[in-house]
Amino acid sequence: MEQLIEYSILPLMLFGITAIQALGLQLILGGAGLLSLGHAAFYAVGGYSAAAFTVYAAPALGITQPFVMMLLSLGVGAISAMLAGLLVAVPCLRLQGDYLAMATLGFAEILGTALKNIEAVGGTRGFTGIPKLSSLLWVFVVLALVWWMLHRFRRTGLGMAIQATRDDEIAARSLGINTYSSKLSAFVIGSAIAGLAGALYVHALQFISPDEADFSRSVIIVLAVVIGGMTSLFGSVLGALILVAVPEVLRFAPEAIREQRMIYFALIVIFVMLFSPKGLQSLIVRLLPKRKSSARAAAAGGKS
Amino acid sequence: MSVPNGGSAAAPDILLRADNLTIRFGGLVAVQKFSLSVPAGQIVGLIGPNGAGKTTVFNLITGVYTPNEGKVYLGRDELTGCGAHVISRAGVARTFQNIRLFAGLNVLENVTAALSWQRRGTSLTSLFAMPKTVQFEHGLHERALEVLKFVGLSDYADWEATSLPYGLQRKLEIARALMTQSKVLLLDEPAAGMNPTEKDELAGLVREIVARFGLGVLLIEHDMKFVMNLCSQITVLDHGEVICVGTPAEVQRDPKVIEAYLGADVEAGGEDNSQGERV
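Those protein sequences? They're chains A and B, same order as listed.
Read in the numbering used here, the first sequence has 125 at position 125, and its numbers run on one by one without any break.
Read in the numbering used here, the second sequence has 66 at position 66, and its numbers run on one by one without any break.
Since the hints were made in silico from the structure, they are not lab data.
Check before you lean on any hint, since a few could be wrong.
[What the hints assert, rightly or not] The calculated SDA-like cross-link candidates involving lysine to any residue, where the alpha carbons are at most 25 Å apart (straight line), are:
(1) B:K132 / A:N178
(2) B:K71 / B:Q42
(3) B:K132 / A:W148
(4) B:K132 / A:R152
(5) A:K278 / B:A103
(6) A:K278 / B:A157
(7) A:K278 / B:R100
Values in this document were obtained by computation on a predicted structure and should not be read as measured data.
Modelling step: build the complete structure from the supplied sequences, incorporating the hints.
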């Protein structure tokens, strides 16, 4: 039993971290309707910066208290990822179309290559010797905070402006909404959240490699958001759960089956797109007792 | 920049003024030397055959396009070349011919989105739900409910915007535009696709908007009865040029207007003939 608990801690942490990443991307993809193919790069920026902070900066500043170190490294991770997000988004968002997707893809490639060549952060071998400051509690407290914040955020002025911009840019502008700054805010906040996830990751695994910025990692997060349901925060967390759980379950399967996880993900995506285009969360919502929608149907009936 | 207002004396309450607007798309001159003014508290009509350039005029005024020549003024401020959102904030609101509601938002949210940019503070205060943000949201919410009540949509507040019947979607666009607290309202074919009862109701609503808020309204509409009943002044556009300006009665009598409408289907040769006959 004890072993089982110990064994399940790491997958649970990975789930929490992936869920935070997915929530950040949900704001960009589902909230603002922007496609980022380099979300993992902002996560890596956050992770590397947070690790560099605890390994190099914190001892130099005389900070030794683990709680304070972790808290500050979360701040460093979020701010560095935010700045990286600004750097990529400022030139691209002025253009129409899918330039952002291409630019984020390019940024991830450049970052990966750069990290492999910086010896101070381990180069190709990866950054090792990071103190273990993160824990299951940290991960889930941050996850809960991010979730709550984003839930609140949708109802705020900026949250509404972002969604209006996603639905119809011309109409949004005609109502005084600055669509450029709406999109930019969504992208930058989403990147900062990825940076938080990165900071949690490096202090949990005590290691990060340039592979974390890789395109395939970004695709996994996009999949989590799409499978769960782009319009829902709950969906993104659900998608993250599936993407972390599937490989874990497959660990017990024969090797021939185990090695094909991308195929399973692809099958899940096709299944979701066919049977529940609004994601798995809408499937669950449909199965649950319909309190809200039946009330609305009654209201509609009364009106006609 | 001050407005050269010397010519049009005794019109201090002119809100919106378009002055010699011209726009070319490649070789095509879509709108040429278009001038018009909308006084406060009045409904001005903009009519013309299909493809005359009416919606292009709206797009020029609201900053969707920047005119190649000419200027747009709101009161004494020049708006030419400002971004669409700047022009909206200055006080020019509009609706769209092809309805453009926010599909992902419900009816109430569609309306609140209109003033969302007025948020206090920064993104960070939004994220942490600071008291000021909450207070601001609350105010927005209250105002949006009032506007919905005014146009008669309060019962639909939590509906998905795009699930509303067509006529109500048009009303929702008007509600959204009213929410901006603008000085001028531009309505692009607000009665399109409505039945006679709905049109009457809409005419009443537009009159009430003018009476209650003192707005200037500029209206594009194909339903002549609707336009003639509602507008005090009408500008007729054909092939991108103003062919007539006047009261509804004057416009109805103008031979050029009659030709533009009735001669629209006649070939070039026939058009010349008919003009010859008339002249």
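A quick look at each hint next to the structure:
no.: 1; hint: B:K132 / A:N178; verdict: holds, 21 Å
no.: 2; hint: B:K71 / B:Q42; verdict: holds, 21 Å
no.: 3; hint: B:K132 / A:W148; verdict: holds, 18 Å
no.: 4; hint: B:K132 / A:R152; verdict: holds, 14 Å
no.: 5; hint: A:K278 / B:A103; verdict: holds, 14 Å
no.: 6; hint: A:K278 / B:A157; verdict: holds, 23 Å
no.: 7; hint: A:K278 / B:R100; verdict: holds, 22 Å
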